[in-house]
Every structure is written in C-alpha cells, then in structure tokens.
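Participant: Spelled out, the chains give:
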Amino acid sequence: DQQVKQNSPSLSVQEGRISILNCDYTNSMFDYFLWYKKYPAEGPTFLISISSIKDKNEDGRFTVFLNKSAKHLSLHIVPSQPGDSAVYFCAASAQDGNQFYFGTGTSLTVIP
Amino acid sequence: KAGVTQTPRYLIKTRGQQVTLSCSPISGHRSVSWYQQTPGQGLQFLFEYFSETQRNKGNFPGRFSGRQFSNSRSEMNVSTLELGDSALYLCASSLATGSNSGNTIYFGEGSWLTVV
Numbered sequence: 001d002q003q004v005k006q007n008s009p010s011l012s013v014q015e016g017r018i019s020i021l022n023c024d025y026t027n028s029m030f031d032y033f034l035w036y037k038k039y040p041a042e043g044p045t046f047l048i049s050i051s052s053i054k055d056k057n058e059d060g061r062f063t064v065f066l067n068k069s070a071k072h073l074s075l076h077i078v079p080s081q082p083g084d085s086a087v088y089f090c091a092a093s094a095q096d097g098n099q100f101y102f103g104t105g106t107s108l109t110v111i112p
Numbered sequence: 001k002a003g004v005t006q007t008p009r010y011l012i013k014t015r016g017q018q019v020t021l022s023c024s025p026i027s028g029h030r031s032v033s034w035y036q037q038t039p040g041q042g043l044q045f046l047f048e049y050f051s052e053t054q055r056n057k058g059n060f061p062g063r064f065s066g067r068q069f070s071n072s073r074s075e076m077n078v079s080t081l082e083l084g085d086s087a088l089y090l091c092a093s094s095l096a097t098g099s100n101s102g103n104t105i106y107f108g109e110g111s112w113l114t115v116v
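Sequences listed follow chains A and B, in order.
Residue 34 in the working numbering sits at position 34 of the first sequence, with consecutive numbering throughout.
Residue 55 in the working numbering sits at position 55 of the second sequence, with consecutive numbering throughout.
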C-alpha cells in the first residue's frame with residue numbers, strides 16, 4: 001500500500017522556467033515531509049522539509065507547499081537549471097519520526 | 001563531518017548466496033535505517049534500528065535481516081539471494097530525537113547489489 005504517491009514519473013521543463021513536482025499522501029498521521037534529490041549512482045540528497053504547522057517553506061530556489069486538507073505537497077524550483085535534472089523523491093513521516101515513507105520519484109529534465 | 005558511509009559500493013553475488021552490507025552513520029546519529037531501491041519502485045523501507053534495537057520493519061521476507069552495534073554502525077544481511085534482490089541498498093542515519101521536528105534522514109551513496 002503506497003502511502004506516498006508521486007503520480008508523474010517524469011517532467012521536462014525549459015531552463016529558467018518553473019518546475020513543479022507533486023506528491024500526495026494518504027495517511028493523515030503524517031506531519032513531517034521532506035524532498036530529496038537523487039542523481040544516478042548516488043544516494044538521495046536532502047533538499048528541503050516542511051512541518052505540518054506550516055504551509056510553505058522556502059530555501060533559495062526551492063519552495064515546498066503543503067495543503068493538509070488535500071493531503072498534497074508540491075516542490076517548486078524557480079528558476080530551473082540544467083543541474084537540477086535528477087530524480088526527486090518526496091517522503092513523509094508521522095510524529096515519532098522513526099519511519100519515512102517515500103514516493104516512487106519524479107524524473108526531472110531541465111532542457112537548456 | 002563525515003557523511004553516511006556504506007561498504008561495499010558494488011558487488012555481484014550468485015543466486016542462493018548470502019550478502020552482508022555495512023553502514024557507518026554520521027557521527028552522533030543514533031538511528032540507522034535501510035531502504036531498497038529498484039527501478040520504478042521508489043525507496044522501499046526495510047528496517048530501522050536505534051540503540052541496537054529494531055524499532056520498525058518494512059514488508060520484506062525474513063531473508064532480510066539487520067543489526068546495529070553499540071557504536072551505531074549497522075549491517076544488513078540478505079540470505080538465499082534471489083534475482084529480484086538485485087537493487088541499490090541505501091542506508092540512512094538520523095539523530096532520532098524522538099520527535100520528527102527536523103528529524104531529517106541523511107543517506108549514504110548506497111551499495112549496488114547484482115544477483116546473477
């Protein structure tokens with residue numbers, strides 16, 4: 001049972017434009033969410049997180065939005081750069097924070 | 001500060017054999033978790049250890065096991081390897097403060113296992 005879903009396996013965006021990656025979850029107990037970026041043959045790298053007490057968190061070109069009522073979060077990358085081309089995973093955890101549930105990933109390609 | 005270190009990085013095993021993968025967490029991190037990544041399946045949670053105790057376990061057969069040592073280093077073992085066990089095995093560590101506020105997990109580079 002996939003509790004965290006990324007329904008778009010891939011996304012292509014022109015350099016300089018906005019990339020929007022989406023993630024949905026089913027478990028209402030989740031209250032901490034993270035995004036990771038993964039290049040081939042490397043481990044995932046932490047990008048940005050958000051707690052359920054917020055609806056937005058920003059870090060440079062990356063902004064994560066959380067809509068608790070819709071159980072939906074999104075990652076915005078502005079402006080997109082070719083180096084952003086990678087697979088992006090969203091993850092969620094509940095209050096104890098001991099187990100993280102990951103989506104299946106979205107492969108982002110930024111076209112120069 | 002050194003990151004999460006996993007060894008070996010690459011290995012090839014034959015069906016029926018067993019394999020042990022090792023993980024050294026970030027210094028001061030007490031929680032170690034393991035994930036399996038296969039194409040199209042995302043990261044599947046295997047198990048999580050804290051203070052040498054397995055706290056959480058994913059939906060994997062008993063052939064997958066792990067342990068954590070007193071220095072927080074962890075190993076995972078897969079016995080009676082099957083072709084479908086070919087995957088990237090990722091180890092992650094966190095402070096595990098007991099609350100998930102800021103409890104980010106940090107991944108190692110992974111161990112690529114190929115079963116032939």
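The set of hints was computed from the structure by calculation and includes no laboratory data.
For every residue, glycine included, the Cβ atom is placed at its ideal position computed from N, Cα and C.
Treat the hints with care, since some could be wrong.
[Claimed, not checked] Quick list of in silico lysine-lysine cross-link-like pairs, BS3-like style, CA-CA up to 27 Å:
#1 57(B) x 71(A)
#2 68(A) x 5(A)
#3 56(A) x 5(A)
#4 57(B) x 37(A)
#5 54(A) x 68(A)
#6 37(A) x 54(A)
#7 68(A) x 56(A)
#8 54(A) x 71(A)
#9 13(B) x 5(A)
[Claimed, not checked] Computed Cβ-Cβ distance ranges for the label pairs, DEER-style:
#10 15(B) x 56(A): 15 to 21 Å
#11 17(A) x 55(B): 29 to 35 Å
#12 72(A) x 17(B): 41 to 47 Å
#13 52(A) x 55(B): 20 to 26 Å
Participant: Are any of the numbered hints broken by this structure? If so, which, sorted upward?
Facilitator: The structure conflicts with hints 9, 10 and 11, although it agrees with all the remaining ones.
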